[in-house]
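Protein sequences appear in the order of chains A and B.
Residue 1 is where the first sequence starts when you use the working numbering, and the numbers rise one by one after that.
Residue 1 is where the second sequence starts when you use the working numbering, and the numbers rise one by one after that.
Where hints are given, some of them may not hold.
[Claimed, not checked] Covered stretches of chain A (in silico footprint by chain B; criterion: 3 or more residues with CB under 8 Å from a CB of chain B, positions within the stretch not fixed):
no., region
1, 36 to 42
2, 97 to 111
[What the hints assert, rightly or not] Residues of chain A clear of chain B, computed beta-carbon distances all greater than 12 Å:
no., residue
3, Q6
4, V13
5, G16
6, T26
7, D27
8, S53
9, L62
10, K68
11, G71
12, R72
13, T87
14, C90
15, A91
These aren't lab readings, by the way, just hints derived from the structure by calculation.
Treat the numbers as computed from the prediction; the structure is a model and nothing was measured.
Just so you know, even glycine gets a beta-carbon here, dropped at the ideal spot from N, CA and C.
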Amino acid sequence: KQEVTQIPAALSVPEGENLVLNCSFTDSAIYNLQWFRQDPGKGLTSLLLIQSSQREQTSGRLNASLDKSSGRSTLYIAASQPGDSATYLCAVSGAGSYQLTFGKGTKLSVIP
Amino acid sequence: GAVVSQHPSWVICKSGTSVKIECRSLDFQATTMFWYRQFPKQSLMLMATSNEGSKATYEQGVEKDKFLINHASLTLSTLTVTSAHPEDSSFYICSVWTGEGYTFGSGTRLTVV
Chain A
1 KQEVTQIPAA
11 LSVPEGENLV
21 LNCSFTDSAI
31 YNLQWFRQDP
41 GKGLTSLLLI
51 QSSQREQTSG
61 RLNASLDKSS
71 GRSTLYIAAS
81 QPGDSATYLC
91 AVSGAGSYQL
101 TFGKGTKLSV
111 IP
Chain B
1 GAVVSQHPSW
11 VICKSGTSVK
21 IECRSLDFQA
31 TTMFWYRQFP
41 KQSLMLMATS
51 NEGSKATYEQ
61 GVEKDKFLIN
71 HASLTLSTLT
81 VTSAHPEDSS
91 FYICSVWTGE
101 GYTFGSGTRL
111 TVV
């Protein structure tokens, strides 16, 4: 059974700092990995999707990497802003399945 | 990208009553939709996979008679929580696989009193 772990559970940084969020998964036979952000009481906003054949994806200040063999992904946020404060979720789908397995998320607070 | 609309965004109901939650794919024909549940400070857990025109597939431990799923068209799936109890209070959210990624609805906060 796939398990997804996100470290740290919470992170507080001053505005402008670069930061890295970590995600690990136990079964490397994944179809893709996706990073989301969730604001309190809200739905999920997709940030980046990495196919299993890819190593990284970039969008603006965000860069996500994937090392499938070691079961790890990182989300790099450059020049953090208070508006980045949210919970960041990592999710993987298994090969041959569209079902997602989520981590518990990292709650990020960017202090002005 | 695809837009998924979920309604209502929040609902309070009395114990023993039923609540219906709608998930609409506004610009994408979805043969498959997914329903998740999220308890406070927990990760999202897949409840069931909704298949257009056929029966839903439920995850282990999810009561199919309690959580009724209907996927009558390519743009609408509904989740009905029957005979709701306080322990069913949770955040319910649907999603669609578009071929380019997963798009989620805005979620429904259910409180059973």
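To see whether the hints hold, each was checked on the structure:
1. 36 to 42: holds (count 3)
2. 97 to 111: Check passed, 8 qualifying residues.
3. Q6: About 9 Å separates Q6 of chain A from the closest Cβ of chain B, which leaves it inside 12 Å; violated.
4. V13: 21 Å, holds
5. G16: 29 Å, holds
6. T26: 14 Å, holds
7. D27: 15 Å, holds
8. S53: The claim stands: S53 of chain A keeps its Cβ more than 12 Å from every Cβ of chain B (closest is about 15 Å).
9. L62: Non-interface label stands for L62 of chain A: nearest chain B Cβ at 14 Å, farther than 12 Å.
10. K68: K68 of chain A clear of chain B: closest Cβ-Cβ about 18 Å, beyond 12 Å.
11. G71: Non-interface label stands for G71 of chain A: nearest chain B Cβ at 17 Å, farther than 12 Å.
12. R72: 18 Å, holds
13. T87: 10 Å, violated
14. C90: 10 Å, violated
15. A91: Non-interface label on A91 of chain A violated, nearest chain B Cβ at 8 Å vs cutoff 12 Å.
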